[in-house]
Amino acid sequence: MNSLDTPVEQVMTKPVKTVDRELVVRDASKLLASEAVGSVVVETEYGRGILTKTDIIDGLSDGIDPDTTPVGDLMTTPVKTIAPGAPLEEAIDTMVEHTIKRLVVDGQASSVGILTTTDVMQELSPDLDRVVEMFAEG
Numbered sequence: 001m002n003s004l005d006t007p008v009e010q011v012m013t014k015p016v017k018t019v020d021r022e023l024v025v026r027d028a029s030k031l032l033a034s035e036a037v038g039s040v041v042v043e044t045e046y047g048r049g050i051l052t053k054t055d056i057i058d059g060l061s062d063g064i065d066p067d068t069t070p071v072g073d074l075m076t077t078p079v080k081t082i083a084p085g086a087p088l089e090e091a092i093d094t095m096v097e098h099t100i101k102r103l104v105v106d107g108q109a110s111s112v113g114i115l116t117t118t119d120v121m122q123e124l125s126p127d128l129d130r131v132v133e134m135f136a137e138g
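In the UniProt record's numbering, the protein residues as written are 1 to 138.
If you're looking for bench data, these hints aren't it; they were derived computationally from the structure.
There may be inaccurate statements among the hints.
Below, computed lysine to aspartate or glutamate pairings styled on EDC-like, alpha-carbon distance capped at 20 Å [what the hints assert, rightly or not]:
#1 Lys17 to Glu45
#2 Lys80 to Asp93
#3 Lys80 to Asp67
#4 Lys14 to Glu123
Derived Cβ-Cβ restraints for the label pairs, each shown as a range [said to hold, decoys possible]:
#5 Asp127 to Thr68: 16 to 24 Å
#6 Thr94 to Asp65: 28 to 36 Å
#7 Asp129 to Leu31: 28 to 36 Å
#8 Gly38 to Asp65: 20 to 28 Å
#9 Tyr46 to Phe135: 30 to 38 Å
#10 Ser61 to Ser110: 29 to 37 Å
#11 Gly38 to Ser125: 15 to 23 Å
#12 Asp129 to Lys30: 22 to 30 Å
#13 Asp65 to Thr18: 18 to 26 Å
#14 Glu35 to Thr77: 16 to 24 Å
The C-beta atom is built at its ideal place from N, Cα and C for all residues, glycine as well.
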C-alpha cells in the first residue's frame, strides 16, 4: 500500500481533546500545555469550532483578557473535517486547499481524532527517506 492511501484513522491523534465554548482562554491555554497539544475542538450548541495556540496568541496580541474571554470568541469556525477512512492524500489535498494544519476526524456521531501536518509527515517520512536513499545510490 502506498502511504498516501493509508486511512486517516491509522495516523490521526486520538482521543480528540474537546472543551465547552464558555471555557476561558487561560484555562484552555493550561489544557493545551498540560496535554502537549496544539489545538482543542470547541463544542457549541450550533456545532463545533477549533481553537489553536495561534488563535490564542492572536487574541492576546489583540488585547483580550484571558481570564474572562471564552474560547468561543477566538475559535475558528466552521471546522474542516474528514472521515476516518479517507486516504491521507485526500487529507493533504484538503489541508493545502484551505491552508490549514489540522483536520478534525469525524466519526458517525462525534469527533474521533485530529489529523495534523506533523501526523502526516511522521507517516510519510519513511517513504521520503527511501527515495533519498535511492537517489543517493543511483
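### Message
Could you work out which of the previously given hints the structure breaks and list their numbers from low to high?
### Response
3, 5, 9 and 12
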